[in-house]
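Chains as they are written, first to last, in this note's numbering: chain A, 1 to 267; chain B, 1 to 267; chain C, 1 to 267.
Hints in this document: simulated from the structure, not taken from any laboratory. Cβ coordinates follow ideal geometry from the N, Cα and C atoms, glycine included. Treat the hints with caution; some may be incorrect.
[To be verified] Cut-off 27 Å, straight-line C-alpha distance, at most; resulting in silico cross-link-like pairs (DSSO-like, lysine-lysine):
{"id": "1", "chain 1": "C", "residue 1": "Lys238", "chain 2": "A", "residue 2": "Lys238"}
{"id": "2", "chain 1": "A", "residue 1": "Lys89", "chain 2": "B", "residue 2": "Lys238"}
{"id": "3", "chain 1": "A", "residue 1": "Lys238", "chain 2": "C", "residue 2": "Lys89"}
{"id": "4", "chain 1": "C", "residue 1": "Lys17", "chain 2": "C", "residue 2": "Lys264"}
{"id": "5", "chain 1": "B", "residue 1": "Lys17", "chain 2": "C", "residue 2": "Lys138"}
{"id": "6", "chain 1": "A", "residue 1": "Lys140", "chain 2": "A", "residue 2": "Lys153"}
{"id": "7", "chain 1": "C", "residue 1": "Lys238", "chain 2": "B", "residue 2": "Lys238"}
{"id": "8", "chain 1": "B", "residue 1": "Lys238", "chain 2": "A", "residue 2": "Lys255"}
{"id": "9", "chain 1": "C", "residue 1": "Lys19", "chain 2": "A", "residue 2": "Lys238"}
{"id": "10", "chain 1": "B", "residue 1": "Lys16", "chain 2": "C", "residue 2": "Lys264"}
{"id": "11", "chain 1": "A", "residue 1": "Lys5", "chain 2": "A", "residue 2": "Lys140"}
{"id": "12", "chain 1": "C", "residue 1": "Lys138", "chain 2": "A", "residue 2": "Lys238"}
{"id": "13", "chain 1": "C", "residue 1": "Lys256", "chain 2": "A", "residue 2": "Lys236"}
{"id": "14", "chain 1": "C", "residue 1": "Lys257", "chain 2": "A", "residue 2": "Lys236"}
{"id": "15", "chain 1": "A", "residue 1": "Lys16", "chain 2": "B", "residue 2": "Lys17"}
{"id": "16", "chain 1": "B", "residue 1": "Lys14", "chain 2": "C", "residue 2": "Lys138"}
{"id": "17", "chain 1": "C", "residue 1": "Lys14", "chain 2": "B", "residue 2": "Lys16"}
{"id": "18", "chain 1": "B", "residue 1": "Lys17", "chain 2": "C", "residue 2": "Lys140"}
{"id": "19", "chain 1": "A", "residue 1": "Lys81", "chain 2": "B", "residue 2": "Lys255"}
[Stated by the list, open to error] Partial list, derived from the structure: chain B residues whose beta carbon lies under 10 Å from chain C:
{"id": "20", "residue": "Glu52"}
{"id": "21", "residue": "Glu56"}
{"id": "22", "residue": "Leu247"}
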Amino acid sequence: MATAKVDVYGMLEKIKKHKPVIHHLTNWVTINDCANVVKVLGASPVMAHAPEEVEEMAGLASALVLNIGTLTVDFVDSMKKAALSANKKGIPVILDVCGAGATDLRDHKCFELLDAVHIAIIKGNASEIARIGGAAAKTKGVDSGSVPADLRKLAAGLAQKYGCTVVTTGKEDIVTDGKRNYTVKNGHPMMANIVGTGCMAASVIGTFAAVEPDYPNASVAGLVCFEIAAECAAQKSKGPGAFKERLLDALYNLKKKTISKRQKVET
Amino acid sequence: MATAKVDVYGMLEKIKKHKPVIHHLTNWVTINDCANVVKVLGASPVMAHAPEEVEEMAGLASALVLNIGTLTVDFVDSMKKAALSANKKGIPVILDVCGAGATDLRDHKCFELLDAVHIAIIKGNASEIARIGGAAAKTKGVDSGSVPADLRKLAAGLAQKYGCTVVTTGKEDIVTDGKRNYTVKNGHPMMANIVGTGCMAASVIGTFAAVEPDYPNASVAGLVCFEIAAECAAQKSKGPGAFKERLLDALYNLKKKTISKRQKVET
Amino acid sequence: MATAKVDVYGMLEKIKKHKPVIHHLTNWVTINDCANVVKVLGASPVMAHAPEEVEEMAGLASALVLNIGTLTVDFVDSMKKAALSANKKGIPVILDVCGAGATDLRDHKCFELLDAVHIAIIKGNASEIARIGGAAAKTKGVDSGSVPADLRKLAAGLAQKYGCTVVTTGKEDIVTDGKRNYTVKNGHPMMANIVGTGCMAASVIGTFAAVEPDYPNASVAGLVCFEIAAECAAQKSKGPGAFKERLLDALYNLKKKTISKRQKVET
Chain A
1 MATAKVDVYG MLEKIKKHKP VIHHLTNWVT INDCANVVKV LGASPVMAHA
51 PEEVEEMAGL ASALVLNIGT LTVDFVDSMK KAALSANKKG IPVILDVCGA
101 GATDLRDHKC FELLDAVHIA IIKGNASEIA RIGGAAAKTK GVDSGSVPAD
151 LRKLAAGLAQ KYGCTVVTTG KEDIVTDGKR NYTVKNGHPM MANIVGTGCM
201 AASVIGTFAA VEPDYPNASV AGLVCFEIAA ECAAQKSKGP GAFKERLLDA
251 LYNLKKKTIS KRQKVET
Chain B
1 MATAKVDVYG MLEKIKKHKP VIHHLTNWVT INDCANVVKV LGASPVMAHA
51 PEEVEEMAGL ASALVLNIGT LTVDFVDSMK KAALSANKKG IPVILDVCGA
101 GATDLRDHKC FELLDAVHIA IIKGNASEIA RIGGAAAKTK GVDSGSVPAD
151 LRKLAAGLAQ KYGCTVVTTG KEDIVTDGKR NYTVKNGHPM MANIVGTGCM
201 AASVIGTFAA VEPDYPNASV AGLVCFEIAA ECAAQKSKGP GAFKERLLDA
251 LYNLKKKTIS KRQKVET
Chain C
1 MATAKVDVYG MLEKIKKHKP VIHHLTNWVT INDCANVVKV LGASPVMAHA
51 PEEVEEMAGL ASALVLNIGT LTVDFVDSMK KAALSANKKG IPVILDVCGA
101 GATDLRDHKC FELLDAVHIA IIKGNASEIA RIGGAAAKTK GVDSGSVPAD
151 LRKLAAGLAQ KYGCTVVTTG KEDIVTDGKR NYTVKNGHPM MANIVGTGCM
201 AASVIGTFAA VEPDYPNASV AGLVCFEIAA ECAAQKSKGP GAFKERLLDA
251 LYNLKKKTIS KRQKVET
């Protein structure tokens, strides 16, 4: 594998300059974390799910982030409305397939969304992506189950099938659009000791996709920033509570030289 | 402008003595922040929205805080029920017009609430208040858009129209009942780097209004406490994560002399 | 009273080894706190409430935690479905009777759940348990009202009536199955200055019950761990914000010798 060059800091500067509105329909567990992670990047998060307003809200956003972590049937209907509005406007829709592989409802609603609207970026952990990619993978609630050997192939196939970018998070993150493939090796084990790092990663990726039309690059850049911030935050943290607080601080204070020094992206 | 005298600390002591129950129907993004900010003041927050119980819950509260940040049609119906019960009992109802100016639904539901029940205090950012005050202001999701030149006039007119107090938050906060006008110049730019400072301000104001029947004074006192706490918290904070933690600590530990030394209220 | 021996650390090791999935249907105020407290113990929290998936999700869990803090009628229907599935699978169901004694809806829904499904552990504060135990106790929103003199008798009677364990939290926690009685004297006053310590205690108890079939012992062990962590966290905390962060750190870092040194359980 060769080291890949992605202008991560350039995108970060664009976010701070344009302050894009990032519309979310997300889960009730980590909704505050998702909003804060977007805010500390310099963008403007808005969470809105009423069917009467989602189209209008998506219309003033620069990206739409969908997360099925605490889905209901009505909520997914609102997601569809918002996503159709986003497709019409030409802004990227990011789908976090949270808990796919845990229940039939989650699998079916992911496929329903993927068939009804255009998703620019699908994001999930190994068993979630494997399941949506067609494998019989099982997810332990929202934590990844066993990782299939052919995960990279499943992810690439999923990207090709829906003409989108697929992000698989884990010890190593895989980003693929079915042609180009990246591996992001940043991050820290402490990320697994709090809830919401996966959801926050999707919100960060959505924020980068709002300013960068090359979605594989935007996904890589978002993951690099978020996971380098996690590395910095973990250094001085006694535990998950301190880590979560410092994660926001580190992301807010991320310097160009820290990124270029720590960035670990392979292609 | 002259410096205004408001007995901020006296109200804070009343809150700690009477521990008023503050009933919320608020948004799902910052609901935990709103509950905690009320708790650290020494009051007792309760969040309840089921139509079958909101009247009874409002009946045991000393103030009702409504926030439309993640509104739905049913949720606003519950707000109306709760507010009618609060009106009947004679406790103040605070309405945070979160996101007014972003979508038609938010505008219409604010007007619907203002026409159906008596709101004691309307709180919003510049473009939210301008929109509810009748201007064509646009809100960027839940962040303020451009601020109209005649904001003070719009706020005063809104207060007169509904016979209430109007609080407009920003770099300088404007508090008006249409006759008396206050400007609160406390606060810190770091407040803009986390979500929920606006929602928390409304909950703090509601808590002060629970013990102080002069609502312009209660609003000023609440803003002063919250924003002085923010000033103290920002001093030692490396970023938004540390700031958010220290904000609760500073509010909890707020001293009489810190308030009198830092209080910046003009009339 | 004699000092009771409960193998608290042995259970904690089982949790870290087996990483049980803990399914929650809980309130929207402290849902993130509940998920994080389960996560830092080493278990795997999942929050899911859609009627179409709750049975399947409960089916892959090792314990089910129900909390009526922001209940609606539909939400309680989903709780029933999930609990029936949990009963069928033979995993423990924990019910936090949050706000019982505040409104009729909360009382009725608690009784409805207790009659429709088997609850392994009922948890509440003094006035909540007193009310469900049949007294005319009133709860101040979600904070305990006056504590009846015969609280221990009411709790024991409640345990006998439903053949379950009853946990009453407060300055001293009472754990009873109607025959065996324990008093846990750990904890710290700072716990009362943030929201969610009660909800988190229920989630911790649920996590211990997932690995320990003796539910009174599991409840005692969970309370001991959570409250010793609170004692450690409070030592260096300037206020509630710092305390909440350190509470997760202390729980994550809890050592065997800290538990044996601080554990205060009487029988």
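Hinted pair Lys14(B) and Lys138(C), Cα distance within 27 Å: holds, 23 Å
Satisfaction of hint between Lys138(C) and Lys17(B), Cα-Cα up to 27 Å: holds, 20 Å
Pair hint Lys16(A) and Lys17(B), alpha-carbon separation not exceeding 27 Å: violated, 45 Å
27 Å Cα cutoff - pair Lys19(C), Lys238(A): holds, 22 Å
Interface hint status, Leu247(B) versus chain C (Cβ within 10 Å): With a closest approach of 7 Å, the Leu247(B) hint holds.
Hint consistency between Lys138(C) and Lys238(A) [alpha-carbon to alpha-carbon, up to 27 Å]: violated, 41 Å
Restraint status (C-alpha distance of Lys5(A) to Lys140(A) at most 27 Å): The given pair, whose Cα atoms are some 35 Å apart, is violated under the 27 Å limit.
Lys89(A) paired with Lys238(B) [C-alpha distance capped at 27 Å]: With a Cα-Cα distance of about 38 Å, the restraint between Lys89(A) and Lys238(B) is violated, given a limit of 27 Å.
Given pair status - Lys238(B), Lys238(C), alpha carbons within 27 Å: At roughly 17 Å apart (the allowed maximum being 27 Å), Lys238(B) and Lys238(C) satisfy the hint.
Pair hint Lys17(C) and Lys264(C), alpha-carbon separation not exceeding 27 Å: holds, 26 Å
Proposed proximity, Lys89(C) with Lys238(A) (alpha carbon, max 27 Å): violated, 38 Å
Distance restraint between Lys14(C) and Lys16(B), which requires alpha-carbon spacing of 27 Å or less: violated, 43 Å
Comparing the model with each numbered hint stated earlier shows that hints 2, 3, 10, 11, 12, 15, 17, 19 do not hold.
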